[in-house]
Amino acid sequence: MLKGSGDIVCTILEYLPVGICIIDSDYVVQIWNSCMEQWTGVGRDTLIGTDLREHFPQVKKETFQNRIEGVFTGGTPVVFSSKIHTCIFDAPLPGGRVRRQQTTVLPVEYPTGWYAMVVCEDVTSLTDEIQAYRRMKDTALQELERRERAEYNLRVANEDMLAYISEATVRLKTPMSLVEENLQEILHEIEEGTSTPEELTTALKMQIQMAATIALNLQELNHAIIAGKKEIPAAYRNMIQQ
Amino acid sequence: MADIPESSMDTLRELINIGIGRAAGTLNELTRARVILEVPVVELISMEDLRNHAASFNGRDTSAVKIDFNGYIAGSTAMVFNTPGAAALVYAITGEEFEKPELDVMMAETLKEVGNICINGVMGSIGNILHERITYTPPRYEESTVEHLFKTNTIDSQMLIVLVNTRFLVSEIDVDGYIMMLFEFASLKNVFTKIAQLGEDEPC
Numbered sequence: 531m532l533k534g535s536g537d538i539v540c541t542i543l544e545y546l547p548v549g550i551c552i553i554d555s556d557y558v559v560q561i562w563n564s565c566m567e568q569w570t571g572v573g574r575d576t577l578i579g580t581d582l583r584e585h586f587p588q589v590k591k592e593t594f595q596n597r598i599e600g601v602f603t604g605g606t607p608v609v610f611s612s613k614i615h616t617c618i619f620d621a622p623l624p625g626g627r628v629r630r631q632q633t634t635v636l637p638v639e640y641p642t643g644w645y646a647m648v649v650c651e652d653v654t655s656l657t658d659e660i661q662a663y664r665r666m667k668d669t670a671l672q673e674l675e676r677r678e679r680a681e682y683n684l685r686v687a688n689e690d691m692l693a694y695i696s697e698a699t700v701r702l703k704t705p706m707s708l709v710e711e712n713l714q715e716i717l718h719e720i721e722e723g724t725s726t727p728e729e730l731t732t733a734l735k736m737q738i739q740m741a742a743t744i745a746l747n748l749q750e751l752n753h754a755i756i757a758g759k760k761e762i763p764a765a766y767r768n769m770i771q772q
Numbered sequence: 021m022a023d024i025p026e027s028s029m030d031t032l033r034e035l036i037n038i039g040i041g042r043a044a045g046t047l048n049e050l051t052r053a054r055v056i057l058e059v060p061v062v063e064l065i066s067m068e069d070l071r072n073h074a075a076s077f078n079g080r081d082t083s084a085v086k087i088d089f090n091g092y093i094a095g096s097t098a099m100v101f102n103t104p105g106a107a108a109l110v111y112a113i114t115g116e117e118f119e120k121p122e123l124d125v126m127m128a129e130t131l132k133e134v135g136n137i138c139i140n141g142v143m144g145s146i147g148n149i150l151h152e153r154i155t156y157t158p159p160r161y162e163e164s165t166v167e168h169l170f171k172t173n174t175i176d177s178q179m180l181i182v183l184v185n186t187r188f189l190v191s192e193i194d195v196d197g198y199i200m201m202l203f204e205f206a207s208l209k210n211v212f213t214k215i216a217q218l219g220e221d222e223p224c
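Sequence order for the protein chains is A and B. If you're matching positions, the first sequence starts at 531 in the numbering used here and goes up one per residue. If you're matching positions, the second sequence starts at 21 in the numbering used here and goes up one per residue.
Take the hints with a grain of salt, since some may be wrong.
[To be verified] In silico EDC-like cross-links for lysine to aspartate or glutamate, where the CA-CA straight-line distance does not exceed 20 Å:
| # | chain 1 | residue 1 | chain 2 | residue 2 |
| --- | --- | --- | --- | --- |
| 1 | B | LYS171 | B | ASP81 |
| 2 | B | LYS171 | B | GLU204 |
| 3 | A | LYS591 | A | ASP554 |
| 4 | A | LYS591 | B | ASP124 |
| 5 | B | LYS214 | B | GLU152 |
| 6 | B | LYS209 | B | GLU152 |
| 7 | A | LYS667 | B | ASP124 |
| 8 | A | LYS590 | B | GLU49 |
| 9 | A | LYS667 | B | GLU116 |
| 10 | A | LYS735 | A | GLU711 |
| 11 | B | LYS209 | B | ASP30 |
| 12 | B | LYS171 | B | GLU68 |
Bear in mind the hints are in silico, worked out from the structure with no lab data behind them.
Work out the full structure, taking the sequences as your base and the hints as a guide.
See below:
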């Protein structure tokens, strides 16, 4: 067994925070580090010297074996992503969830020949974080889209409202100018003494009534804006109701 | 480059074709999607040509999976995609639905496996005829421009690149992928010497 060689590398592998397993070309386990023991719940006493395929069904699969075949002759390293394979070793988390693994198989040469070093990283937390980030991003994008739509509607409503107010202002300006003209006329008549007090009283009463009508119109416009009367442009009314 | 016999280039093309075919087989075994890798176009280009070729990526960052090698032959191999194409490819292979594909860490890790399979197919084919000791680094994912991709591996301007262009057809998507193999001049000479020997050994 490689462990028996007393190699310092074996001691280093033992304490790495990733799962390490070294097998020979017959899949006989040479090294099974403490991280692997902890994750899988299978001790090295049970595994070392036995065929890894007998303990883990994923390793037994032909697709796995075909991929790592070249490693035993010093070929290129092989990676198994968690997205495609989820996990190579059955190593459930304390709550029973699957431990997602990213696995790299590297060729290692010893005087006795080529071995495969299986390096297993736990990417469960990373996957969870990325999925949470994706959900957050999707929500943010949807919210942004909704806000952009609302802003557009608000712009349209404001433009409609401005048009409505302009029109209302024009409508109110005519009677206001009339009242102003009439009051100027009454003032002139008082200065000239051409009208009787009764005639002036009648003329002033008429102007007061007209001013009252204008004030009423202004109040109606105000109510229309606040309460969403039918005269208000539809876009603005929808905005008020929202 | 001119002194490389066309028959040797043909053999290299055939080896690469076999490697790509093997990679397609592996990808189909592994994934739910049916992956078709079209017959690749293989060219031998200089570093200068690579700079010109980089223009086809419009100077944008690419997504690449890279493996360096050393020993009887030395250099680096990269599987290169434009980044949106790489994202679309990975999503299609994993069967995940998307609106705007994005290459986050998990997707980059999956691309690393896809690139690893393709590179292993091609390098395995070449390694099989060499029968010499070559050591490889584990595959790594990189995002950079084509021009900068091999910057750390380039010793001199004499280095040559075997450019393999293939198309990945998965579901309804169609993504162009490049395998770029950067060799030291002496290494490429070694490869072609072995190829020539292979031709001599073959019975008529």
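Cross-check of the supplied hints:
1. Pair hint LYS171/B plus ASP81/B holds up; C-alpha atoms about 14 Å apart against a cutoff of 20 Å.
2. This hinted pair checks out: LYS171/B and GLU204/B have alpha carbons roughly 13 Å apart, not beyond 20 Å.
3. Note on LYS591/A and ASP554/A: the hinted pairing holds, with a Cα-Cα distance of about 17 Å set against a maximum of 20 Å.
4. Pair hint LYS591/A plus ASP124/B does not hold up; C-alpha atoms about 29 Å apart against a cutoff of 20 Å.
5. Distance check on the hinted pair: LYS214/B and GLU152/B sit about 10 Å apart at the alpha-carbon level, within 20 Å; holds.
6. With a C-alpha separation of about 14 Å, the suggested pairing of LYS209/B with GLU152/B holds against the 20 Å cut-off.
7. Pair hint LYS667/A plus ASP124/B holds up; C-alpha atoms about 12 Å apart against a cutoff of 20 Å.
8. Note on LYS590/A and GLU49/B: the hinted pairing holds, with a Cα-Cα distance of about 15 Å set against a maximum of 20 Å.
9. For the suggested pair LYS667/A and GLU116/B, the alpha carbons sit about 17 Å apart, so the restraint of at most 20 Å is met.
10. Distance hint between LYS735/A and GLU711/A is fulfilled; the C-alpha atoms sit about 15 Å from each other, no more than 20 Å.
11. Taking the CA atoms of LYS209/B and ASP30/B, the gap is near 15 Å; set against the 20 Å cutoff, the hint holds.
12. Of the supplied pair hints, the one linking LYS171/B and GLU68/B holds, its CA atoms being roughly 13 Å apart against a limit of 20 Å.
Of the numbered hints listed earlier, the single one contradicted by the structure is hint 4.
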